[in-house]
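Undergrad: Okay, here's what each chain looks like letter by letter:
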Amino acid sequence: MLAFLIRRLIGAALVCVAVTFVVFVIFIVAPGGGARGTAERIAGKNATDQNVTNIEHQWGFDRPFYVQYAKLMQRMFTNKLVSYTTQEPVLSQIWQGMPATFSLSIGAGIIWLFFGILVGVISAVGAGRWSDRLITVLALIGISMPVFWLGIVTRYYFAEQRSVFPDGEYVSLSSNPLQWFYHLILPWLVLAVLFIGFYGRVLRGNILDTINEDFVRTAKAKGLSARRILRRHVLRTSLIPIVTLFGLDFASVLGGGAILTESVFDLHGVGQYAAQNINSFDLPPIMGVTMYGAFFIVMFSVIVDLFYAYLDPRIRPT
Amino acid sequence: MAQRAESEFTLDTAAELAAVEGGGAAIRGRSPWYLAWRRLRRNYFAFAALALFLLIVLACILAPLYAHHVAHSGPYDQHVLDTITVHGKKLDVVSPGGVINGKLQASAPIGPQWFAAGGKFVLGADVLGRDIAVRLLYGGRNSLLVGVASSAICVFFAVILALLAGYYGGWIDFIITRFFDLFYAFPVLLLGIALGSALAINGFHHGPINIQSGNILIPLLVISYVLIPYIGRPLRGQVLSLREKEFVEASISQGASALRVMFSELLPNIASSVLVFFTLIIANNIVLEAALSYLGAGVQDPTPSWGKLISEGQQLIVTRPALALAPGIAIILTVLALNIFGDGLRDALDPRAKVRVEH
Amino acid sequence: MAERLLEVKDLSVRFSTEDGVVQAVSGVSFELDRGKVLGIVGESGSGKSVTAMTIMGLTRDVNSRFGGEVVYQGRNLLEISDVEMQNYRGNEIGMIFQDPMTSLNPVYRIGEQIVEAIQAHERTDGKSARRRAVELLRQVGIPNPERRVDDFPHQFSGGMRQRAMIAMALSCNPSILIADEPTTALDVTIQAQIVELIAKLKDDFNSAVIMITHDLGVVADIADEIIVMYAGRVVERAATRDLFYDPQMPYTWGLLGSIPRLDRPRPERLHSIAGSPPSLITLPQGCTFRPRCPHAFEKCETEPALENRVETPGHLDRCWLGVDYKRAHRAESIGGETEAA
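Protein chains in written order, with our numbering: chain R, 1 to 318; chain D, 1 to 359; chain E, 1 to 341.
Because the hints were derived from the structure by calculation, they are not lab data.
As the structure is a prediction and not an experimental result, all values here were calculated from the model.
Heads up, the beta-carbon is just placed ideally off N, CA and C, and yes, glycines get one too.
Treat the hints with care, since some could be wrong.
[Said to hold, decoys possible] To spell it out: a stretch of chain E is covered by chain R in this simulated footprint if at least three of its residues, at any positions, have a beta carbon under 8 Å from a beta carbon of chain R; those stretches are:
1. 205 to 219
2. 252 to 258
3. 324 to 332
[What the hints assert, rightly or not] Derived list of chain D stretches under chain R, where covered just means 3 residues or more per stretch with a C-beta under 8 Å from a C-beta of chain R:
4. 134 to 147
5. 284 to 293
[Stated by the list, open to error] Some chain D residues judged to face chain R by a derived CB distance under 7 Å, without partners named:
6. ALA36
7. ALA185
8. LEU199
9. PRO268
10. ALA271
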C-alpha cells in the first residue's frame, strides 16, 4: 500500500510540473503574436509603450522558450507575479480570497452530497412511479439552469427586492459566525442545486444498474431483508463512482471553480478574483488562479484514488 | 388479469403470427438500432423535447426576418434618442432620468411593450436602446452555433483520439492518456477562462492563421477544446474493452487494416455512446458559452449571445428584470429540451431496469 | 417413507414485456423428497431457471403473473408475502447460481458474506458465526479455511468460489439446495468435483437437491429423477436409469445424441438438434417440439398431455408416437445416423 501511495505522489508531482508547463503554453505561447504581442498581453490595458518594453525584457520574451518558462516559474513561486493593472501581487490576493472560497465550497459540498444521495436513493427506490418522474424533471431543470443566472435571480428576489437574505458580501467566520452563516446560505444553495440534480441522476442510474447484478440476486436468495440489501449491497457499490465524482468536483470548486457563484454574490473569493480580471484582460491573476486550481485537483485526485482503493478491494495492490 | 395481458400483443408480434400459419416462429433477429428506434418512438416526452429544441433553433435562424419585419431594428442598432408611440402616447426609448416630480430617477430603458408598439421593443430595450427581443434571437444564433459546432468538433477529436489510443495501445495510448489526464487537472471553467481571456486580448496569431480578437471562432474553438478529455476518456475505455472482443480479433486475423478495424468494427459499437454524448455535450456547451460570455472570456462586444445578454442585464435587474430573465429562460428551455431528449436517447439505446409496463 | 419436502403443482409463470407476454413456464409439476436429487434438464429458454427462481420467489415483479402452487411443508409459497418469503430463503431453501465470480459481492470478504447469511436467520454472535463459517469452508473442501475466510472473492479460484457459494447456501441447514447450472462456468475437471461435493453434502446435511443444467452428463451420476423441460413445459419425466435407457421423447433423444461419446465404433460428426427453440411469446400450436422433430405426424398438431405411456409407472412423456415405434427408431436419432429434418 505504501508503494502505491508513493507512486501516486510522484505521479502527482509530475502532473503538477506538467500543469505549470501547460499554463505557460496557454498564456505565453498559444496566442502567438511574437515577443511584442506577448508582452502587450501581459502588460494589460493600461500599459504604456515603455511598460511593454520593460516587460518584454523582464519576462524574457525576446529569449528562447525555456528561458521564458524559467522566468515565469521564478516569478510565480517567489510571489513576484504581479498584476500590472492593479500593481498587487497575485499570490497574496489568492491567499486573501481563500477563506471565502473554502467556506463556500465546504458548505455547498456537504449540502449537495447529502441531498444528491438522498434524491438519488428516493428516485431509484420509486423507479417508474410519479415520484421518480417528478424528481427526474426537477433534477433536469436544476442541471439546465446556468448557475450564475440562478444566482442573479435569487439574489434579486430574496436579497434586493426583499431582505430575506443579506445582499451578498462575505463575513469571515472569526468575526461573526452567525452572519457568516447567514450570508452564505443563498450562495450555498445556488451552488448546490446543479450538483444535486446531477448526482441524484448518476446515483439513480448506478442503483438501478446494481439492482440487476448477480450478487444482489444472491443476497436476496440468502433471505436478507430488502433494507439490508439496499444498504449493504446496492448502495455500497453504487456510491463508489459518486465518491470519485465528488472528490473531483469538490476539488474543482475549492480551486476556484465556483467563480460564477462567488462573482454573483460578491464573496471576494479566489474565483471572483480571477473573474474581476477577465474584463480588464489582466492575465497574471488569471494565470495564478488557474495554476492554483489545477494543483488542488491533482492533490485531491490522489486522495480520491486512495479512498477508492479502500472502498474497492479489487484494485488494491496485493 | 391474465386473459387481458395475453391479448395485448404489439403490432409486430401480430404480424409475426400472421406470417407463420400456426407453426412456431423462431425468434426473429432485429438490429439493435431498430429496437432502439422502436423504444424511442414510444417516448413522447423525448420527442416533445426535441420538437421544442428544433422550434427554438428555427426561431433563432429566422432572426433576420423578425428584426426586419417585426421589430424594425437590427441587433446593433442603438435607439438611445428615439421615441416610440404606444397607445397614442410618445415614450422615450431610453428615458433621460434626472429629477422628475421632485424625485431623483435613474435613466432607464423602456420596458417590455409586448405588442403595444406594433412589434417594436417586445421585450423592451437595453441601456443603449437596442431591441432586446432582436438581440435575444441573434444571441441565440450565436449561442446555438457555438454550442453545436463546438460539440461536433469536440466529439470528432475525442472519437479519433479514443480510437487511436484504444486500438494501438502501447506508447500511443500512453501519450494520449497523459494528454487527457493533464487537462483533467484543470477545472473546466477555469481552463475555458484561461484560454478564452488569453486569446481574447489580441486574438490568435500563428504563422498563416490570424484570428482577430472579436471573432466568434475564438470562443467556439476554446469550448471545443476543453471538453475533449471528458468525452475522450470514457470512449477510450469502451474502445479498450471492445478491442478484446473476439470479433475484433477475427477481423484482424482476416487481414483487416488498422483503419478498417477502427472504422468498421470499433466505431459502430461506440456509436450509440457517441450519439448520446453529442446531444448532452451540446447542452453543456451552451451553458459553458453562456458562463464564459457572462464573465467576458467568451463572445466579445458587441456580438450578442445569451450569456452576454445576462451580464448586460444584470445591472438593471431591479428595474428591468426582463433583460436578464429572458436570456436565462431561453437557455433553460433549450438546455432542458436537449437534456430530456438526450436522456430519452440514452434510455432507448441502452435500456436498464424494467420500469412499469402498463397492463 | 421419505419425507415429502416440496410439491410443485401445475406451475405457470408469465412475464409482460414490451414485445408481448412471455409464457416462460406452463403446467410444470414435480415432487421432491428428502434425500433425493432431482435433475431439471433443458436448453436455454426452456424455463428451468425460471422454475427454480420462482420456487425461491425471486421472479416476483410488477410484470410477472403466477399460476398453480409451490407447496413447501404445507404452505403455498406463491401466496405468501415477500417478507415472509425471506424466512424461507437461505433458511429452508438455499440456492447457488451459475457464475460464482459475479454472484459474490466483490467488496466484502468471503467470511463476512457467510456470516451475513447465518445472522440473517439465527441469533448468533459474530464470533460463533465466524467459527461456523470456517467449519463450512472446511466442509466444502477449501484448504486453510482459517486464513481464507478473510479473503476477497477475487482472491479465490473459480472452483473455490463455487465451493464457497455452496458453503454459504448451506450455512443455515436448508432442507433443499437448488443448484442452477453450478458447473457451467467452471473447467471440466472442476465440474466433476463440484457435482461430487454436492452429492456428499446432501448426505451430510440430510437435505434434498434440485440440480438444473443443460448437460445430461452432469446429472447422470447424482440424480434420482430427471425432468426434461422444453419451451416452458415438462416433456419427459423419469427415474434417471429409465431416462437414459428408455427415453420416450424425441427431444430427449436429441439431447442424449448430442453428448460426445468415446465408446462409438467409428468417428462421426457431433449430432445436434436442427432448428432453434420457439419464441415463448408465440408458441407453436400442438406439440411444441413439432417443428424440429424428425418423426412428427398429423396427430402432433394437437398438444399431447403429459402421461404415463410405458410400463414403468413413474415415467411420463408428451409424445403421441407409439412406444414400439419409439424403441425401434430412437437409436437412429441418438446415434446420429438420420440427420434431423
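Undergrad: Are there hints from earlier that the structure breaks, and if so, what are their numbers?
TA: 1, 2, 3, 4, 6, 9, 10
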